[in-house]
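S.K.: Model the full assembly from the supplied sequences, consistent with the hints where possible.
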Amino acid sequence: MPPLNQLFDPTFLAIWAAFGCVVGIIARKIMFPRRRGGGGFGGLIQTSILGMLGSLVGVAAGVLLRLPGAGELGLISLVLAVVGTLLVVIIVTKFQG
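Using our numbering, the first residue of the sequence shown is number 1, and each one after it goes up by one.
Read the hints as simulated data drawn from the structure, not as lab findings. Treat the hints with care, since some could be wrong.
Said to hold, decoys possible - Using 25 Å as the maximum straight-line C-alpha spacing, the simulated SDA-like pairs for lysine to any residue come out as follows:
1. 29 <-> 48
2. 29 <-> 83
3. 94 <-> 22
What the hints assert, rightly or not - Pairwise CB distance ranges (calculated):
4. 76 <-> 18: 17 to 25 Å
5. 69 <-> 14: 15 to 23 Å
6. 10 <-> 64: 13 to 21 Å
7. 79 <-> 29: 20 to 28 Å
8. 11 <-> 64: 13 to 21 Å
This one's a predicted model, so the numbers in the text were calculated from it and none came from an experiment. Virtual Cβ for every residue (Gly too), placed ideally from N, Cα, C.
M.R.: Written out as structure tokens, the structure reads:
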């Protein structure tokens, strides 16, 4: 089990933040393809930020819950990052309009 300070490793955070950014943009484009008003560059930046936050929250939750494999660059963290990203992007996008 990785120590909790793994969550503060800059490389670890950068990898999952970038991953969440990409997943967030793809999820929003698939689930809300004709979104008006939130499009353009501003919408892209917002979705990127939401994706990063969701990914990091998902991975952090796995580490805090002491799930085996969470906090490493592996399948469990990948699943947690995707779930966290999708939840944040979907919830925020739904409530925006």
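S.K.: Now look at each hint and say whether the structure bears it out.
M.R.: Going down the list of hints, with the structure as the test:
1. Proposed proximity of residue 29 and residue 48 is supported: the alpha carbons are some 12 Å apart, at most 25 Å.
2. With a C-alpha separation of about 16 Å, the suggested pair residue 29 and residue 83 falls inside the 25 Å cut-off, and the hint holds.
3. A distance of roughly 19 Å separates the Cα atoms of residue 94 and residue 22; the hinted pair therefore holds under the 25 Å criterion.
4. A hinted range of 17 to 25 Å holds for the C-beta pair residue 76 and residue 18, which are about 18 Å apart.
5. As the Cβ distance of residue 69 to residue 14 is approximately 20 Å, the hint placing it in 15 to 23 Å holds.
6. Between residue 10 and residue 64 the beta carbons are some 19 Å apart, a value that agrees with the proposed interval 13 to 21 Å.
7. In this structure the hint that residue 79 and residue 29 lie 20 to 28 Å apart at CB holds, the actual value being about 21 Å.
8. Evaluation of the 13 to 21 Å hint for residue 11 and residue 64 yields a pass: the beta carbon distance comes to about 20 Å.
Consistency with the previously given hints is maintained throughout, with no hint failing.
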